[in-house]
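K.L.:
Below, each chain spelled out in residue letters.
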Amino acid sequence: GNSVTQMEGPVTLSEEAFLTINCTYTATGYPSLFWYVQYPGEGLQLLLKATKADDKGSNKGFEATYRKETTSFHLEKGSVQVSDSAVYFCALIYSSARQLTFGSGTQLTVLP
Amino acid sequence: EAGVTQFPSHSVIEKGQTVTLRCDPISGHDNLYWYRRVMGKEIKFLLHFVKESKQDESGMPNNRFLAERTGGTYSTLKVQPAELEDSGVYFCASSREVGELFFGEGSRLTVL
Chain Z
1 GNSVTQMEGP VTLSEEAFLT INCTYTATGY PSLFWYVQYP GEGLQLLLKA TKADDKGSNK
61 GFEATYRKET TSFHLEKGSV QVSDSAVYFC ALIYSSARQL TFGSGTQLTV LP
Chain W
113 EAGVTQFPSH SVIEKGQTVT LRCDPISGHD NLYWYRRVMG KEIKFLLHFV KESKQDESGM
173 PNNRFLAERT GGTYSTLKVQ PAELEDSGVY FCASSREVGE LFFGEGSRLT VL
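For the protein sequence lines, the chains are Z and W, in the order given.
Heads up, the first sequence is in the numbering used here, so the first residue is 1 and it goes up one at a time.
Heads up, the second sequence is in the numbering used here, so the first residue is 113 and it goes up one at a time.
Heads up, some of the hints might be wrong.
One side of the interface only, derived from the structure: several residues of chain W facing chain Z at Cβ under 10 Å [unchecked claim]:
1) G115
2) V116
3) Q118
4) N143
5) K153
6) K156
7) H160
8) E164
9) G171
10) M172
11) F203
12) F214
13) F215
14) G216
15) E217
16) G218
Simulated from the structure, these hints should not be mistaken for laboratory data.
Note that CB positions come from ideal geometry on N, CA and C, so glycine has one too.
Could you put the whole structure together from the sequences, leaning on the hints where they help?
P.N.:
Listed below in structure tokens is the structure:
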């Protein structure tokens, strides 16, 4: 079946540090890939997405590239801020399905 | 436009009791989903409504869980009787025919 494996947390960084959260997936075919974020006290929000190989999703300074050859969708940000502290979830979905398959989430804490 | 709202935000009950979680989707969204995150693990799909019909309930863990969406508007998820392993965060999401899923803040359930 489909699965998503993401870097275990928690991750603690200083402000302006470089962030990478690894995500790899197991799936047949070509799913769409997503990063969701949950800020404290809020719901899950779509952060960025990529729908085909080599696509790069980007939003709020975050980027992730759909790598078919390595089945990966790593999340990166060049300079994190305290306000980026949240839980980040990698996920995939097939266009024919309506179920998102999520990874286990990575807690990020950014210290001033 | 109001987002997906869930109630209660947190419920603490004893094993064997009953809890009912409610989700109000975004107005006009026919698709409604329930997901849950148990013990800090991955978020898992429970079921999917299209209007008042259950499109896919393959993720429902057992018959102690009952979801309804009478009239195709809000949905309830009842757990009866609750067990310790049901503790977690229950997320609701809604979407139009094809498109992004919008999630609520989640309802945290603690079973003692």
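K.L.:
For each hint, tell me whether it holds in the structure or not.
P.N.:
Comparing the hints with the structure gives:
no. : hint : in the structure
1   : G115 : 7 Å, holds
2   : V116 : 7 Å, holds
3   : Q118 : 8 Å, holds
4   : N143 : 7 Å, holds
5   : K153 : 5 Å, holds
6   : K156 : 7 Å, holds
7   : H160 : 5 Å, holds
8   : E164 : 16 Å, violated
9   : G171 : 8 Å, holds
10  : M172 : 13 Å, violated
11  : F203 : 6 Å, holds
12  : F214 : 8 Å, holds
13  : F215 : 4 Å, holds
14  : G216 : 5 Å, holds
15  : E217 : 4 Å, holds
16  : G218 : 7 Å, holds
Against the hints set out earlier in the document, violations occur for numbers 8, 10.
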